[in-house]
Amino acid sequence: QKEVEQDPGPLSVPEGAIVSLNCTYSNSAFQYFMWYRQYSRKGPELLMYTYSSGNKEDGRFTAQVDKSSKYISLFIRDSQPSDSATYLCAMSTSTGGGNKLTFGTGTQLKVEL
Amino acid sequence: ETGVTQSPTHLIKTRGQQVTLRCSSQSGHNTVSWYQQALGQGPQFIFQYYREEENGRGNFPPRFSGLQFPNYSSELNVNALELDDSALYLCASSLRGTSNEQFFGPGTRLTVL
Numbered sequence: 001q002k003e004v005e006q007d008p009g010p011l012s013v014p015e016g017a018i019v020s021l022n023c024t025y026s027n028s029a030f031q032y033f034m035w036y037r038q039y040s041r042k043g044p045e046l047l048m049y050t051y052s053s054g055n056k057e058d059g060r061f062t063a064q065v066d067k068s069s070k071y072i073s074l075f076i077r078d079s080q081p082s083d084s085a086t087y088l089c090a091m092s093t094s095t096g097g098g099n100k101l102t103f104g105t106g107t108q109l110k111v112e113l
Numbered sequence: 001e002t003g004v005t006q007s008p009t010h011l012i013k014t015r016g017q018q019v020t021l022r023c024s025s026q027s028g029h030n031t032v033s034w035y036q037q038a039l040g041q042g043p044q045f046i047f048q049y050y051r052e053e054e055n056g057r058g059n060f061p062p063r064f065s066g067l068q069f070p071n072y073s074s075e076l077n078v079n080a081l082e083l084d085d086s087a088l089y090l091c092a093s094s095l096r097g098t099s100n101e102q103f104f105g106p107g108t109r110l111t112v113l
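Residue numbers (the numbering used here), protein chains in the order written: chain E, 1 to 113; chain G, 1 to 113.
Isolated chain G, as found in the complex (with noise of 0.2 Å):
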């Protein structure tokens, strides 16, 4: 059984860029959830996608959009980014039906300069 992978592990951007990391389910999972982790704080739900579509969104900006694909895969998209954004991202996939329990990736760490 394959656990979640996210990519890239690192990022370093600029204020006013954009930026698109990645995520692979792990295996018989067909829902993903995104959440942002600020240092010292509990990760935050940014939204969350199931059959391809957006399940539940947080109090995040529309500059802030994902995407998943038929493999389940996902991807966040942070456009116009703002130094609030640097933080945590981590992906989270689960077996929407059955049960509540989510696994989460590594993550992946934003640097916004």
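Pulled out of the complex, with its shape left as it was, chain E reads as follows (with noise of 0.2 Å):
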């Protein structure tokens, strides 16, 4: 079993529908928990990032973490076309230090016109 487990889709929705995405976990360790979404043959580029549990909202994009559930979601309000992207979903522990993030598989998603 893999540490973290993401739905890899496609996910195909229209234009102006609210996503939801979502990640599980299995290492109760984990306390930051981070959203990237990564355009085709680029790199990852960090959207959210909260710590422990709760929620925290940036603009159009929501992240929920509930660490009792070892679930985390990301929203995306009022999707648009240039949402389309693969969105990973990535977590590390706190030890103190710089840390390795450990990383969905991804799910990717299509906003239709």
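Source of the hints: derived by calculation from the structure; they are not laboratory data.
Heads up, a few of these hints could be off.
[As the list claims (entries may be wrong)] Computed Cβ-Cβ distance ranges for the label pairs, DEER-style:
1) D84(G) x S12(E): 28 to 38 Å
2) D84(G) x K2(E): 14 to 24 Å
3) P62(G) x L46(E): 29 to 39 Å
4) N22(E) x R109(G): 23 to 33 Å
5) S68(E) x T9(G): 39 to 49 Å
6) T20(G) x T93(E): 22 to 32 Å
7) S7(G) x N55(E): 31 to 41 Å
8) R41(E) x D84(G): 18 to 28 Å
9) R60(E) x P61(G): 38 to 48 Å
10) T93(E) x D84(G): 21 to 31 Å
11) S53(E) x N79(G): 41 to 51 Å
12) E57(E) x L113(G): 42 to 52 Å
[Unchecked claim] Negatives, chain E to chain G, calculated, CB over 10 Å:
13) D7
14) P8
15) E15
16) G59
17) D66
18) Y71
19) D78
20) S82
21) N99
22) K110
23) L113
[Said to hold, decoys possible] Straight-line Cα separation of at most 25 Å, SDA-like style, residue types lysine to any residue; simulated pairs:
24) K42(E) x S86(G)
25) K70(E) x G58(G)
26) K42(E) x L95(G)
27) K67(E) x P8(E)
28) K2(E) x A38(G)
29) K42(E) x D84(G)
30) K110(E) x P106(G)
31) K2(E) x L109(E)
32) K110(E) x E5(E)
33) K42(E) x L113(G)
34) K42(E) x H10(G)
35) K110(E) x M48(E)
36) K42(E) x L11(G)
37) K56(E) x A38(G)
38) K67(E) x S86(G)
39) K2(E) x R57(G)
Heads up, the beta-carbon is just placed ideally off N, CA and C, and yes, glycines get one too.
Both chains come to you apart, so use the hints to assemble them.
As structure tokens, then:
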């Protein structure tokens, strides 16, 4: 079993829809949770960064962390064709220094006109 | 502020050869991490460098090695290339001690024939 599980999709939605992307994890030591967006053949771009449980909002994006369920989500409101990309969740433990990131496989999202 | 840069963009090698990939960290960042991303997968942690020393390593064989220089730039060296080494190699920089946020470069796409 992988430490981080993510549905690879593809997920296809109409423009303007609310998108929900999710990851589950098995390592209870994970404390930091991130969402990256990756366009085809490009490097990942950091979208959201959260620590421990709770919600964080940034523009059209909302990240939720539920540590009791080992479940994180990213919501995208008013989705646009430019949001079409692969979304990667990533996590790290609190070790007091630089940490490695453990990624999910990524969910491919397509927002159609 | 300058972002993370990587060179070369693309590289084609044959099995058994050696390769060196380069990374310049984001301005002000002192930690560099390297990841391997196979097609359709999330990035896998190779190792991290801080103060010119390896600071954590993933499940990769010793033929994967690295360096960090006083200006925080870094190299990834892979010896005795195998077909399975074909992947996108990503460099990420961060500021140790303040956060776990890692910012990625565009990657180097390595093809091993």
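Quick check: which numbered hints come out false for this structure? 14, 21, 37, 38
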